[in-house]
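**Q** Sequence:
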Amino acid sequence: MAQTLNRWQGIGNLGKDPEVRTTQSGKRIVNLSVACSDTWKKDGQKQQSTFWAPVVIFNEKLGEIAEKWLRKGSKVYIEGKLVTRKWTDQSGVDRYSTEVVIDFSGSFQMLGEMSEGGQSSQQSQRQNKPQSNPQPQNSGYGTQSGGWGDPSDLDDEIPF
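Quick note, the sequence shown lines up with residues 418 to 577 if you use our numbering.
For the record, the hints were derived by calculation from the structure and aren't laboratory data. Just to be clear, a hint being listed does not mean it is correct.
Below, in silico cross-link-like pairs of lysine to aspartate or glutamate (EDC-like), each with a Cα-Cα straight-line distance of 16 Å or less [as the list claims (entries may be wrong)]:
#1 Lys-444 <-> Asp-520
#2 Lys-489 <-> Asp-455
#3 Lys-478 <-> Glu-516
#4 Lys-489 <-> Asp-434
#5 Lys-485 <-> Glu-436
#6 Lys-444 <-> Glu-481
#7 Lys-444 <-> Glu-477
#8 Lys-433 <-> Asp-506
#9 Lys-492 <-> Asp-434
#10 Lys-498 <-> Glu-516
#11 Lys-485 <-> Asp-434
#12 Lys-498 <-> Glu-481
#13 Lys-444 <-> Glu-484
#14 Lys-503 <-> Glu-516
Sequences and hints are given; from them, build the entire structure.
**A** Dropping the structure here:
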């Protein structure tokens, strides 16, 4: 028996703040517009095209998270199914639109640190603190030994 798969994945930036609508039954729907760019070289010149993915979040919890934390410019990973819907416009012409739908089988992930209100923590720190010369921070990971610390600390004994 042949299987099928309807899955779209993309990483991009929001082109505008999330739009929240409420249906007549009280269900909240969040719309996102995500810009996903592709770059390549043609005849030695850098080329770029951008695909604007219309994303609709029907999942209540994910919609709340998107509304609270995402803002224009936020980088996100989106995974959902493609759905084409048909409607009739005011002049009686049938119209179609294809959207990435996040319901209970889809997801999104915020890429980069965020603080409430959608600003990155670095942006909010820049706005709240005067400029100073930052000192390098020791993250606890050794940089010269690939993150494993001092190699002389390793025990060469085999445990059996």
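**Q** Take the hints in turn and mark each one as holding or not.
**A** Hint-by-hint comparison with the structure:
1. As the CA atoms of Lys-444 and Asp-520 are separated by approximately 13 Å, the hinted pair is consistent with the 16 Å bound.
2. With a CA separation close to 20 Å, the supplied pair Lys-489 and Asp-455 exceeds the 16 Å bound.
3. The suggested pairing of Lys-478 with Glu-516 is violated, with an alpha-carbon distance near 20 Å, which exceeds 16 Å.
4. Between Lys-489 and Asp-434 the alpha-carbon distance is near 5 Å, which keeps this suggested pair within the 16 Å criterion.
5. Pair hint Lys-485 plus Glu-436 holds up; C-alpha atoms about 11 Å apart against a cutoff of 16 Å.
6. Between the alpha carbons of Lys-444 and Glu-481 the distance comes to roughly 12 Å, so the proposed pair stays at or under 16 Å and holds.
7. Annotation: proposed proximity of Lys-444 to Glu-477 holds, straight-line Cα distance about 8 Å (limit 16 Å).
8. Only pairs whose Cα atoms come within 16 Å are accepted, and Lys-433 paired with Asp-506 is rejected, the gap being roughly 25 Å.
9. A hinted pair counts as satisfied when its Cα atoms are at most 16 Å apart, and Lys-492 with Asp-434 qualifies at roughly 12 Å.
10. Only pairs whose Cα atoms come within 16 Å are accepted, and Lys-498 paired with Glu-516 is accepted, the gap being roughly 8 Å.
11. The straight-line distance between the Cα atoms of Lys-485 and Asp-434 is roughly 10 Å, inside the 16 Å bound, and the hint therefore holds.
12. For a cut-off of 16 Å, the pair hint linking Lys-498 to Glu-481 is broken: about 20 Å separates their Cα positions.
13. The hinted pair formed by Lys-444 and Glu-484 meets the criterion: a straight-line CA distance of about 14 Å does not exceed 16 Å.
14. A distance of roughly 11 Å separates the Cα atoms of Lys-503 and Glu-516; the hinted pair therefore holds under the 16 Å criterion.
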